[in-house]
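Got chain A; can you put chain B on it based on the hints?
The listed protein sequences correspond, in order, to chains A and B. Under this note's numbering, residues 1 to 183 are what the first sequence spells out, in order. Under this note's numbering, residues 1 to 245 are what the second sequence spells out, in order.
Simulated from the structure, these hints should not be mistaken for laboratory data. Glycine residues also receive a C-beta, built at the ideal position from the N, C-alpha and C atoms. A couple of the hints might just be wrong.
As the list claims (entries may be wrong) - Label-pair restraints from in silico Cβ distances: (1) B:Arg-177 / A:His-36: 17 to 27 Å; (2) B:Leu-25 / A:Lys-68: 28 to 38 Å; (3) B:Ala-155 / A:Gly-86: 45 to 55 Å.
Stated by the list, open to error - Take a look, some chain A residues computed to stay more than 12 Å from chain B by CB distance: (4) Lys-14; (5) Pro-43; (6) Lys-68; (7) Gln-71; (8) Gly-153.
What the hints assert, rightly or not - Example chain B residues on the side facing chain A (calculated, C-beta under 10 Å, incomplete): (9) Thr-57; (10) Thr-190; (11) Ala-205; (12) Arg-206.
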Amino acid sequence: MSKQGKQDGGRPRKRQEGLVVQELPEEMLVYDTDRHKAHCLGPVAAAVWEACNGRRSAAQIAARVTAKLGQAVPVESVWLSLRRLGRARLLEAGTALPAGPRLGSRREWLKRAAALGGFSLSVLSITAPAAAQAATCTPQTTCSGLQNRLCTGAPCCTTGPNPAPPGTTCKKVGNQNNCSCAP
Amino acid sequence: MSDASVLGEVASRLPTGSQLRPRPLVDHLLSLVVGGGAGRLRRLHLLYAGAQRLVRTTELGEALAVLENHLQQAVAEMAPRRLFVHAGVVGWNGKAILVPGTSHAGKSTLVAALLRAGASYYSDEYAVLDRRGRVHPFPRALQLRNGDEVGRRIAPEELGAERGREPLPVGLVALARYDEGSRWRPAALTPGRALLELLAHTVVARSHPVTAMATLERVVSRAPAVKGRRGEAQETAARLLEAAS
Chain A
1 MSKQGKQDGG RPRKRQEGLV VQELPEEMLV YDTDRHKAHC LGPVAAAVWE
51 ACNGRRSAAQ IAARVTAKLG QAVPVESVWL SLRRLGRARL LEAGTALPAG
101 PRLGSRREWL KRAAALGGFS LSVLSITAPA AAQAATCTPQ TTCSGLQNRL
151 CTGAPCCTTG PNPAPPGTTC KKVGNQNNCS CAP
Chain B
1 MSDASVLGEV ASRLPTGSQL RPRPLVDHLL SLVVGGGAGR LRRLHLLYAG
51 AQRLVRTTEL GEALAVLENH LQQAVAEMAP RRLFVHAGVV GWNGKAILVP
101 GTSHAGKSTL VAALLRAGAS YYSDEYAVLD RRGRVHPFPR ALQLRNGDEV
151 GRRIAPEELG AERGREPLPV GLVALARYDE GSRWRPAALT PGRALLELLA
201 HTVVARSHPV TAMATLERVV SRAPAVKGRR GEAQETAARL LEAAS
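Bound-form chain A, shown alone (with noise of 0.2 Å):
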């Protein structure tokens, strides 16, 4: 297969099920109801995604970006947003991704991508918070320095310098003279 022929082997096509989209002016917010996670997509990611619909290569999906972007978009910021959008997993299981360029390791990509405009690669993501996350928790460290009468009550906190384990609360155990994070 001649290079040009296997940089247009793959077909992507994006991910519809289990998402909810919320459109900006020049990004997009997609979030995944199966993995409750929320990823920001900058303007270059956001419309290469719209662009995958299974039938485009990666020269089609750069040429249908640039016409709707009105800027020229290199193939080459296709491969990285296509490599950002699978590891999100916002395109199909099993999606074959144009072979893009060798590029070694992670510092490479990345040296590349700033290089092509970072932000408008950018695929952000975070987790969303469950409901009891979201509520003001208790570090651990705080909780454990607690007397059992002044234990709050509240969730312990699963993030910082010493998370608890999540579902906990600080509260009283057994006959422990301080509070600790427990279920």
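For chain B alone, kept in the frame of chain A given last:
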């Protein structure tokens, strides 16, 4: 409740805006069995939500703390027409400044500094948003912590501030994490990133993502958002008020 003598304590911990409704049917039943007693035989304090036991403790204060936390969380999860985002909120020049953040990120301290600088008080815990993206007051007393101590409650009036009464459009979203010695040099966030940050602090992000994202979109499409590390609250508060003017 098994002991009427703790009624006052319970009433003081009810969520803001609570009203007595003499109706025989309830949506959610909470039961507080007050224990105590002297000598060797001490009964435990028990708190139930329906049939589920929430806490079993010898300390009444702990049972009440769990009750308060449970009620607040229930309101935030079940409010049908409001979106609760974990954030401090003050009013300034007819607009609201939102300070989203996790617990112990220094939200209440920054809110207190904003109040001392002349802002009006809306909340140190939740930004309560309606479908139009306006913020409503959730004015429980501020909970200020000092080191590892449990927070002490102070009324905004003690800081010379007024309580906000009317819903306000959001004028600024400021993600400010306390980092000793830092200077407030925030970076501007794009609307998409701002929405992502707000979603990370939204109580019903998982259960109602459509409503949450639509409401937050109304906030970020009108209000600028910034993010950075802050040092002393007083300096940051002055800069935030300047930015929101």
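Each hint, compared with the structure:
Range check, Arg-177 of chain B to His-36 of chain A: about 23 Å between beta-carbon atoms, so the 17 to 27 Å window is met. Leu-25 of chain B and Lys-68 of chain A have their C-beta atoms about 55 Å apart, which leaves the hinted 28 to 38 Å range violated. Checking the proposed 45 to 55 Å range against Ala-155 of chain B and Gly-86 of chain A shows it holds: the Cβ atoms sit about 53 Å from each other. Taking the minimum C-beta to C-beta distance to chain B, about 18 Å, the non-interface status of Lys-14 of chain A holds against the 12 Å cut.
Listed as a non-interface residue, Pro-43 of chain A fails to keep its Cβ farther than 12 Å from every Cβ of chain B; the least gap is roughly 9 Å. Against the 12 Å criterion, Lys-68 of chain A stays outside the reach of chain B, whose nearest CB is about 17 Å from its own CB. With a minimum CB-CB distance of about 17 Å to chain B, Gln-71 of chain A clears the 12 Å threshold, and the non-interface call stands. With a closest Cβ-Cβ approach of about 3 Å to chain B, Gly-153 of chain A is found to fall inside the 12 Å limit, against its non-interface label.
Interface restraint check: Thr-57 of chain B against chain A, minimum CB-CB distance 5 Å, threshold 10 Å, status holds. Below 10 Å, beta-carbon pairs count as interface contacts, and Thr-190 of chain B has one with chain A at about 6 Å; its hint therefore holds. At its closest, the beta carbon of Ala-205 of chain B sits 4 Å from a beta carbon of chain A; the interface hint therefore holds under the 10 Å criterion. Among the interface hints, the one on Arg-206 of chain B holds; its C-beta lies about 5 Å from the nearest C-beta in chain A, closer than the 10 Å criterion.
Of the numbered hints stated above, those contradicted by the structure are hints 2, 5, 8, listed in ascending order.
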